[in-house]
Amino acid sequence: MSIRHVDGKVCERMNRVWFRYARNAQRWLWLAVGLGWLAGGLVIAQAALLARLVQEVFLAGTPPSRLLPWWMALIGLFALRGLLAAGSQGAAIRMAAEVKAGLRGMVLRKLVELGPVYLRGQRAGEWLHLVTDGMEHLDTYFARYLPQVALSALIPASVFAYAAAADRITALVLALTAPLLVLLMILIGKSAQKATDRQWRTLAWLSGHFLDVVRGLWTLKVFRRSRAQIGIIRQITDEYRKTTMGTLRIAFLSALVMELFTMISTALVAVSLGLRLVSGKMDFARAFALLLLTPEFYLPIRTVGAQFHAGRDGVSVLERILAVLEAKPPGLAAAGQGRRLPLSHRGYRIEFDHVTARYPGANRDALTDVCLTVEPGETVAIVGPSGAGKSTLLDVLLGYLRVRQGEVRINGVPLQELDLSWWREQVSYLPQHPQFFHGTVADNVRLAGGGESQAESEAAESEPADERVRRACAVALADRFIQDLPRGYDTYLAGEEVRLSGGQRQRLALARAVFKDGPVVLFDEPVADVDIETERALEQVLQGWLRGRTALVVAHRLGLAMQADRIVVMDGGRVAETGTHAELMARHGVYHRLFTTYLGEEMAAP
Amino acid sequence: MNDRRERRLRAHAWSTVAILVRFLRPVAGRAAIAVGLGFLTVAASVAMMATSGYLIAAAALRPPTILLLWVPIVGVRFFGLARAAFRYLERLVSHDVTFHILAGLRVWLYERIEPNHRLLADRRSAEVLDAAVADVDRLQHLYLRAFFPPLVGVLVGLGMLAWLGRYGPWLAVAWGFGALTAAVAVPWWTHRWTRRGQLRLDAVRSARMSAADELLRGLLDGALPARTAAVLAELERLERKEQREQARQGWLQGASDGLFVFVTQATMAAVLWVGMQMFSHGRLAGVLLPAIALGALASFEAVAALPAAFQQFAQVVAAGERLLRLAQWDAPAEAPGASLAAARAVALAAEPADKTAVAASKTAPVATPAAVAAAAAQVHAANRRGGAGVPALRVRGLCVRYGPGEPYVLKDVDVDLDPGKRLAIVGESGAGKTTFLHVLLGFLPYEAGSITLAGRELRAWPAEDVRAMMAVVPQRGYLFHTTVEHNLRLAKPDASREELEQALRIAQVYDVIARLPDGYATVIGETGALLSGGERQRLALARALLAGAPILLCDEPTSALDSVTEQAFIEAFFTAAAGKSVVWVTHRLAGMERMDEIVVLRGGRIIERGTHRELIARGGWYAQMWRLEREMAADMAAKG
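Residue numbers (the numbering used here), protein chains in the order written: chain F, 50 to 655; chain E, 8 to 647.
Hints were generated in silico from the structure; no laboratory data involved.
Below, in silico cross-link-like pairs of lysine to aspartate or glutamate (DMTMM-like), each with a Cα-Cα straight-line distance of 20 Å or less:
hint, chain 1, residue 1, chain 2, residue 2
1, F, LYS159, E, GLU246
2, F, LYS159, F, ASP182
3, E, LYS587, E, GLU600
4, E, LYS428, E, GLU604
5, F, LYS377, F, ASP414
6, E, LYS248, F, GLU185
7, E, LYS428, E, ASP603
8, F, LYS291, E, ASP103
9, F, LYS330, F, GLU105
10, E, LYS428, E, GLU621
11, F, LYS159, E, GLU243
12, E, LYS428, E, GLU615
13, E, LYS418, E, GLU454
14, E, LYS587, E, ASP423
15, E, LYS248, F, ASP182
16, E, LYS587, E, ASP603
17, F, LYS291, F, ASP246
18, F, LYS243, E, ASP103
19, F, LYS159, F, GLU375
20, E, LYS587, E, GLU604
21, F, LYS159, E, GLU241
So these bits of chain F aren't anywhere near chain E, every CB distance computed over 12 Å:
hint, residue
22, VAL198
23, LEU229
24, ALA372
25, PRO535
26, ARG596
The beta carbon of each residue, even a glycine, is placed where N, CA and C say it ideally should be.
Just chain F, same shape as in the assembly:
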């Protein structure tokens, strides 16, 4: 327990995690500690027996062969101690496995609850690392450090008890030095911790700098600065080495003091034992046993300190995990309860009623006082400069982002009263950065589920699934390039087999949304990243497909927007204008400006 102070806060929160999420792992901890303690107890028996044997041979002159049974007993003790140590270690790893499994489950479920808005705050690779390899760092903390904390108190206590019975002066030395050692560790620990932290930061900073340089190498080359970096890398590492070594020289002093202290304590015990042997106040066997045990007294206390540092990775991972577990979901909970609306062929009436919303961590609202109604069967286009809050509307409507003020209603029912997982199933959603999975092209289209629109369910039943996939791809103009892939619809994606261009990914994701065919359609930039030919063709196909559907389409390119039933122009998180293309053009406002620059050159050209 001696090292608690070092990262007191983290330890405290860690224990909370421990008791909350890993209760059934506790019995393994107790087993690990119990067996470890027994093994420690055997050390005492072993030392006493060994000392007795040496005394018999050395002072009493007994021939060693007469003591063979005792030797056998000694070997038996060694074997037993090995077994106990094995059990203790195995139980500790078992416990760590339980804790990790429990925590990982918690984190994954929590991440699902937190949703895309929270996840976007960090690169996907970092999340993946956290829930896979990152968690393995917890091993050191749980399997090694935690049992050692208990043993660092239990084993020295046992050794002390033996010493107290065998020799009071040795016991006194131990009793005086142990608290001093702990005190020293506490006093020194803080400064050592600071220095170690500083060194870790230095190394992390150096590594970050190197990563930055390597990632930007192409750019450095273009500006002819790449060769110069070789010198800079060397120089920066060297400078950091010098300053860090300066702090380490002081930081390690504390370890030196500690080491000196235990060494001198051991020497003190040895010398005092020797002196009392000379005066005949002590017999050899007892003295030898005590000498054997003295290092065992200090060892667990020092080990716990060393292992705490080794478990630092685990601590930082645990902090990240705690941050996730304690995070407040930015969206609404999809708990599977709440209301479901009656199925509707034409979709639902969607109302934004004075909605204000803000992303977590942001210092201004992404949406301010937005009012907007989409009638069933109406296609509404959302346009506006980047950062105007277009995609935020979709995040709010899907329940991924909670509103701060106002309300979103579906057919008059507030969104938070709906069964969100049901609601999300009703939506054909095309995200801005669609993702694909390990599986064939056809699998990826089918993944979205659905495909049995209420309007078309009879037709769908009579049609084989593959045919429906193909038809969805045809609508999204993806059919042609998919046919050209090495194995067509059976081409395996997300492997190394094939790489799709940005435009192809876009169309495939569109096909997925079309396949799902939900009563509500949310498209975020459906024609981004495609060339003009495809854009034009897509616009025509989508125009037909969207007719009569309840749809919100975020459009960067205005071609699609002007075919919508209504256009909503967003600017700075507010609805700037709304109306049909003709109405908005007549107003000469934001839309007029967007539109004229968009057309600009085309109209001016001969």
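Put chain E on the given structure of chain F with help from the hints.
This is chain E only, laid out in the frame that chain F set:
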């Protein structure tokens, strides 16, 4: 069969180790000191324990005067202090060595990647480079822990054998046998026991990795709520499986640790047993009995560090192998200012253009590097004088492909870029537009044809000089995690404040920077995270303009800008580019009537060329595209 493969793998691992050891060479002296101090630390501890044992044994014999015990008493204290001091020094020296090795590793890796254009131009390069940097990090923590303990162990072993051997060979044999069992046999057994389970565990973990990947990406995507539940269930199944496997591995690991404890104690007992036999035959002084027992026990400190070191050794070798593979990524090395290669390439220009580089370089006469330098100086001087000094660029019959047998990415491309000319290269994605820019910058070699810059073959130019004449505005400019000013000055370290400001204004980003909390001194975050996509792009553009190169290469520079900003940007850009040559690569036709010539690329070939008017009149692909855009505009106009 399997055996042979395994042997080959092992030989491979050893050659990797040999290369990794090379990084120790520049710090060989310090490394040796660190190892020596490691040995002395253990030796002092052995000496202290042995002396204590001797002390109490001698005391038990009740010497007539206590003075006889002064030497061991002082010895115990001295060795105790010495151990602490050695340990302190050892830690200092080995940390110092780590930093040195780290610098060596980074520079080594950087020097391998830097000339590797194939790697840098590759789309996947980001992943590869990130992995490489992660491997360097891994090495930084493991290097010493993997390499030093075995060396310290050998030294301690030799020392113990020498010490115990002095009293009797069997003492040394007993200790040596025990130490070898603990240091070699126990880890080897552990490896054998746990190998199969480890493979199973790895398989489960990699399955879980893809499932977790799928879950996370599904969450980010947000469009597949039904899929999430299924993947979560799969993850839970894998988790249980992993837990079972890990627990099994845990018991085996525990057994191995227990065995180690047993061997350590048994070795001490064995040494003591031999000592007692010798004592009873009068060949060993009795006072030494506790000394050898305690010394043997203390010496296992060096052995105990070995099993962990072996495990780390395997990780170091794996990381090292990955780095070596990356360093050997087949790279057609460029000659960054390397005079010999440059000179060879000059000679190429004299050869018929259709001959390959290799054939030509063997037979061609060698021009002097001085001539190259002189030409470069001329161009530089011309640049300073103004627009008149813009070098002409001529491309004839250019053919490029990524390897023999692979399809041509560019075929028979002829293009002229006279000083001050504005050339547009138009085509769909995958038409070879970006490849063309990479070839001009010397990032990709060309197989046949010729490119002349200021009348001299491109290969003949030192790559650095070529890049001094060309500035690039890429699709996604990379910004460094440093201040705005440093990011800009990359292009021109000695630029004045006015120059910086002018570049920012032209790129329409001055107001953005002025609004930042610390202005020019604002650190813009990793890859410029503090700025929006459009702002990043415009800052990258300002940087390119600042370089002041006479030729501007633009790779869809406006693709990240919204239409209002795009329009303003194009306006400002062409004002600033007056007098400079421009190559503008795009798949959209906005602004084409500003161009002196438009080249339409399709499948790596030029299918049409001419001015905007000419191409419209021709009625080909370009005209068709144009009509599409016009139609759309007309539709809109009709509606409006």
